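**Student:** Listed below are the residues making up each chain.
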Amino acid sequence: MSREDVLVTTQWAEENLNTSGVVFAEVDEDTTAYDGGHIRGAVRIDWKTELQDQVRRDFVDKAGFEALLSDKGIGNDDLVVLYGGNNNWFAAYAYWYFKLYGHDNVKLLDGGRKKWELDGRELTTDDTKRERTSYKAKEQDLQLRAFRDEVVDAINTKNLVDVRSPDEFSGKLLAPAHLPQEAAQRGGHIPSAVNVPWSKAANEDGTFKSAEELTELYREAGLDTSKSTIAYCRIGERSSHTWFALHELIGLDDVKNYDGSWTEYGSLVGVPIETGAK
Amino acid sequence: MSDGCGAPQQTATAADEDTNGQVVVAGTVTSSDGPLGGAYVRLLNADGEFAGEVQASPQGDFRFYAAAGDWTVRALHRTGNGEAAVTAGGPGVHQVAIAVS
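If you read the sequences in order, they're chains A and B.
Numbering follows my numbering, in which position 246 of the first sequence is assigned residue number 246; successive positions increment by one, without gaps.
So the mapping is simple: my numbering equals the position in the second sequence, first residue as 1, plus 278.
Only chain A is shown next, with the shape it has when bound in the complex (with noise of 0.2 Å):
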């Protein structure tokens, strides 16, 4: 797989933004960034209420997300490219979560808003209008996706790819200081886990690091490419960063996402914990 395959530039997507059959979807947290200006003909993802079961912690059902994508106006045989800010974290897990749906007609906007906004290209607050599509998911594609009990078997066994910061890493934080919000029990990281933190695959203006770049960053953490790798975080989206990182761009086979992250393993009772640095 070529990097050509999984993003375009921000050169290629301005030039087609009127392209038939290329779809532009803005994925953020922060859907105020959205209203205050996007990518002409973009439509918008809400990650926290759109792709996100309501009640229980899950994602939306495979009818759940061929509605959403129906209403988006999205097609099965439309390449969706996908954009967003925090140096496109939720728009990477997006990706990730389409792909787990089986759409894999799917491209992410290399460096997302970041780089959009440093190159100086229009943003409009223009509504974006869409015909509803009947959209047809696939079953998730449990490939990708790791569940808590296969992390646990993975300690020791499995590369395990802790994408956070050092000091969550290694339980000083649970959580980015700044944020008051929902945080795991307890500190640390899953044992045999290796620290790499997210932004170590990304150059400042928010493109992803060349695949012999990537390469040898995770050479050199100690990942056995031989093996099965898992990569988590706090939420899970950080952790699909890295999974495009190294699924997509290396071309590693078997990287699965642990979407319950630190929030859930470090909630566990009963299970492993390492605590510092390493």
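One should not assume that every hint holds.
SDA-like cross-link-like pairs, simulated, lysine to any residue; straight-line CA separation at most 25 Å [claimed, not checked]: (1) Lys209(A) <-> Thr350(B); (2) Lys107(A) <-> Thr125(A); (3) Lys172(A) <-> Phe328(B); (4) Lys107(A) <-> Asp253(A); (5) Lys209(A) <-> Arg320(B); (6) Lys172(A) <-> Leu321(B); (7) Lys172(A) <-> Gln300(B); (8) Lys209(A) <-> Asp325(B); (9) Lys172(A) <-> Gly347(B); (10) Lys200(A) <-> Val302(B); (11) Lys209(A) <-> Ser2(A).
So these bits of chain B aren't anywhere near chain A, every CB distance computed over 10 Å [to be verified]: (12) Pro313; (13) Ala324; (14) Asp348.
Since the hints were made in silico from the structure, they are not lab data.
Keep in mind that this is a model prediction, so the values were computed, not measured.
Using N, Cα and C, we set each Cβ at its ideal position, and we do this for glycine too.
Since chain A is already given, all that's left is putting chain B on it; use the hints.
**Tutor:** Frame of chain A; chain B shown alone:
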């Protein structure tokens, strides 16, 4: 459901604001025309490693919750980049201005 990991809306920070024991690195991004809004401001540690990023408010304000130590704040904007060093001795507000050119 969990909240996200993103930064809260950026607002101005007074030099004497009570930080509840936190080490706050805060300031304003400016250009030759005055305050510059919307720059991406990155907090880098003493080794130059990325520690956090926020988008400055329309008035150019940014704020990080850091730890004591030496930091660099680096602003990226479509009109140019800039950076500044700041030493945070301990809890309280440590102000730093970034000029973008």
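**Student:** Decide, hint by hint, whether the structure agrees.
**Tutor:** Hints, verified against the model:
no. : hint                    : verdict
1   : Lys209(A) <-> Thr350(B) : holds (22 Å)
2   : Lys107(A) <-> Thr125(A) : holds (23 Å)
3   : Lys172(A) <-> Phe328(B) : holds (18 Å)
4   : Lys107(A) <-> Asp253(A) : holds (18 Å)
5   : Lys209(A) <-> Arg320(B) : holds (17 Å)
6   : Lys172(A) <-> Leu321(B) : holds (19 Å)
7   : Lys172(A) <-> Gln300(B) : holds (14 Å)
8   : Lys209(A) <-> Asp325(B) : holds (19 Å)
9   : Lys172(A) <-> Gly347(B) : holds (16 Å)
10  : Lys200(A) <-> Val302(B) : holds (24 Å)
11  : Lys209(A) <-> Ser2(A)   : holds (13 Å)
12  : Pro313                  : holds (17 Å)
13  : Ala324                  : holds (13 Å)
14  : Asp348                  : holds (16 Å)
In this structure, every one of the numbered hints holds.
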